[in-house]
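S.K.: Single-letter residue listing:
2 protein chains.
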Amino acid sequence: MRISELSEASGVPVATLKYYLREGLLPPGESRGATRAEYAAGHLERVRLLRALIESAGLSIADVRRVVASLDHPPATRHELLGVAQRALPAAHRDHPVTPEVRALVAGLGWQVSTDAPALHTLSGAVAAARAGGIPLSADSLRRYAEAVEGVAVVDVATVRELEPERALLTVTVGTVLVDPVLAALRRLAQEGLSSRAT
Amino acid sequence: MRISELSEASGVPVATLKYYLREGLLPPGESRGATRAEYAAGHLERVRLLRALIESAGLSIADVRRVVASLDHPPATRHELLGVAQRALPAAHRDHPVTPEVRALVAGLGWQVSTDAPALHTLSGAVAAARAGGIPLSADSLRRYAEAVEGVAVVDVATVRELEPERALLTVTVGTVLVDPVLAALRRLAQEGLSSRAT
Numbered sequence: 001m002r003i004s005e006l007s008e009a010s011g012v013p014v015a016t017l018k019y020y021l022r023e024g025l026l027p028p029g030e031s032r033g034a035t036r037a038e039y040a041a042g043h044l045e046r047v048r049l050l051r052a053l054i055e056s057a058g059l060s061i062a063d064v065r066r067v068v069a070s071l072d073h074p075p076a077t078r079h080e081l082l083g084v085a086q087r088a089l090p091a092a093h094r095d096h097p098v099t100p101e102v103r104a105l106v107a108g109l110g111w112q113v114s115t116d117a118p119a120l121h122t123l124s125g126a127v128a129a130a131r132a133g134g135i136p137l138s139a140d141s142l143r144r145y146a147e148a149v150e151g152v153a154v155v156d157v158a159t160v161r162e163l164e165p166e167r168a169l170l171t172v173t174v175g176t177v178l179v180d181p182v183l184a185a186l187r188r189l190a191q192e193g194l195s196s197r198a199t
Numbered sequence: 001m002r003i004s005e006l007s008e009a010s011g012v013p014v015a016t017l018k019y020y021l022r023e024g025l026l027p028p029g030e031s032r033g034a035t036r037a038e039y040a041a042g043h044l045e046r047v048r049l050l051r052a053l054i055e056s057a058g059l060s061i062a063d064v065r066r067v068v069a070s071l072d073h074p075p076a077t078r079h080e081l082l083g084v085a086q087r088a089l090p091a092a093h094r095d096h097p098v099t100p101e102v103r104a105l106v107a108g109l110g111w112q113v114s115t116d117a118p119a120l121h122t123l124s125g126a127v128a129a130a131r132a133g134g135i136p137l138s139a140d141s142l143r144r145y146a147e148a149v150e151g152v153a154v155v156d157v158a159t160v161r162e163l164e165p166e167r168a169l170l171t172v173t174v175g176t177v178l179v180d181p182v183l184a185a186l187r188r189l190a191q192e193g194l195s196s197r198a199t
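Residue numbers (the numbering used here), protein chains in the order written: chain A, 1 to 199; chain B, 1 to 199.
Treat the hints as calculated values from the structure; they're not laboratory data. All figures in this text were calculated on a predicted structure; none of them were measured in a lab. Built from N, CA and C at the ideal position, the CB exists for glycine as well. Hints are supplied without guarantee of correctness; some may be wrong.
To be verified - Distance windows between CB atoms, simulated:
| no. | chain 1 | residue 1 | chain 2 | residue 2 | range |
| --- | --- | --- | --- | --- | --- |
| 1 | A | Ser60 | B | His73 | 31 to 37 angstroms |
| 2 | A | Val154 | B | Ser60 | 31 to 37 angstroms |
| 3 | B | Asp95 | A | Val154 | 32 to 38 angstroms |
| 4 | A | Glu147 | B | Asp95 | 34 to 40 angstroms |
| 5 | B | Ala40 | A | Ala9 | 56 to 62 angstroms |
| 6 | B | Thr115 | A | Asp140 | 33 to 39 angstroms |
| 7 | B | Ser114 | A | Ala69 | 42 to 48 angstroms |
| 8 | B | Ala62 | A | Ser31 | 27 to 33 angstroms |
Said to hold, decoys possible - Interface residues of chain B toward chain A, partial, derived using beta-carbon atoms under 7 angstroms:
| no. | residue |
| --- | --- |
| 9 | Arg66 |
| 10 | Ala69 |
| 11 | His96 |
| 12 | Pro100 |
| 13 | Gly108 |
| 14 | Val113 |
| 15 | Ala139 |
| 16 | Val152 |
| 17 | Ala153 |
| 18 | Gly175 |
| 19 | Leu194 |
| 20 | Ser195 |
Based on the provided sequences and hints, a complete structural model is requested.
M.R.: Have a look at this one:
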């Protein structure tokens, strides 16, 4: 299809598609002369992915570029997949030191996590930020949150295991950021649901 | 304390504090003449809260203003508290229609949720966005995610119940946004922990 048709099929304006091309987020179409290029179904899928990452997950262009680069250069083995995905994801508080509390929590749960996992820094920084903001986040609450979240990860890991490797990377990387807003919305509904049940 | 001391105690530059004052995010200090104002411990607590909301939770100034306004005008009864908090929170996909799938999910879980809860729209939109981005989010996975997230909300609701009412509003509103990044980091660590255990 031509770029105008790609625009129509995806609902994304041609100017935005050209921006994605310039930024290297969308691979170029196959050249059909000096002023025409042909786009395929894979381009449409990529454009939909870019919209979801930018609009729904709220990723910056720099973050989207890192996620997309990981998809374009998938790791050789399934074993490396999770590490590649985790490193491609945006992680706040990257420079926050990993706290002894977080190390102890992860060890206590029996999670085998690489010592330099970005999420160890993110978790340490996010816990410190919540407490600095006045939230009484006790070590006990944190452990109970972690146990509940393990149930979320069980679903994540089961979903990925059913997929062929090239879909698995997309699902881990993109699924982690695109499902975060789903989980956040569920949390708000569950709070209201439980609260009304209790009163 | 003077504004320079408030700056030192909070680590936030005086220019930023003046911006918070102009934007109405920080209540004015008590006047001590034409060019001096006196700030109290409550101001320091508010500045720390603003930093956490802006830096860690990544809220826009407009979102922060809505959260802070809800804290400055707390509801009269504990029963209203959750609704006020939920409406003060930023919610993506506010204009997305609530899907029959989401209504059925919530009903199936026995969550009593007001029919116009913003999170119903957010959840419907986030599910649609994840699927548009190529994530195979089945109705069954969604239900299993919701059951796991219920465990998170149990901790939320228990924490709030132990607090006196004025802390409770802060904890529900701010805790929901400040604990979201904690949960997201835990999810990444749990994925890695479970994945290494399984292989």
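S.K.: State for each hint whether it applies.
M.R.: Checked hints:
1. A:Ser60 x B:His73: 31 to 37 angstroms: 34 angstroms, holds
2. A:Val154 x B:Ser60: 31 to 37 angstroms: 34 angstroms, holds
3. B:Asp95 x A:Val154: 32 to 38 angstroms: 33 angstroms, holds
4. A:Glu147 x B:Asp95: 34 to 40 angstroms: Taking Cβ atoms as reference, A:Glu147 and B:Asp95 lie about 36 angstroms apart, which means the hint holds.
5. B:Ala40 x A:Ala9: 56 to 62 angstroms: Given about 59 angstroms between the Cβ atoms, the range holds.
6. B:Thr115 x A:Asp140: 33 to 39 angstroms: 35 angstroms, holds
7. B:Ser114 x A:Ala69: 42 to 48 angstroms: Cβ of B:Ser114 to Cβ of A:Ala69: about 43 angstroms, so the range 42 to 48 angstroms holds.
8. B:Ala62 x A:Ser31: 27 to 33 angstroms: 45 angstroms, violated
9. Arg66: For B:Arg66, the interface hint is violated, since the closest Cβ of chain A sits about 15 angstroms away, which is over 7 angstroms.
10. Ala69: 17 angstroms, violated
11. His96: This interface hint is violated because 10 angstroms lies over the 7 angstroms limit.
12. Pro100: 16 angstroms, violated
13. Gly108: 11 angstroms, violated
14. Val113: 5 angstroms, holds
15. Ala139: This hint is violated: B:Ala139 lies away from chain A, its Cβ roughly 13 angstroms from the closest one there, beyond 7 angstroms.
16. Val152: Holds: closest Cβ of chain A sits about 4 angstroms from B:Val152, inside 7 angstroms.
17. Ala153: At about 4 angstroms, which falls below the 7 angstroms cut-off, the nearest Cβ of chain A leaves the hint on B:Ala153 intact, so it holds.
18. Gly175: 5 angstroms, holds
19. Leu194: 5 angstroms, holds
20. Ser195: 5 angstroms, holds
Violated hints, listed in ascending order, are 8, 9, 10, 11, 12, 13, 15; each of the other numbered hints is respected by the structure.
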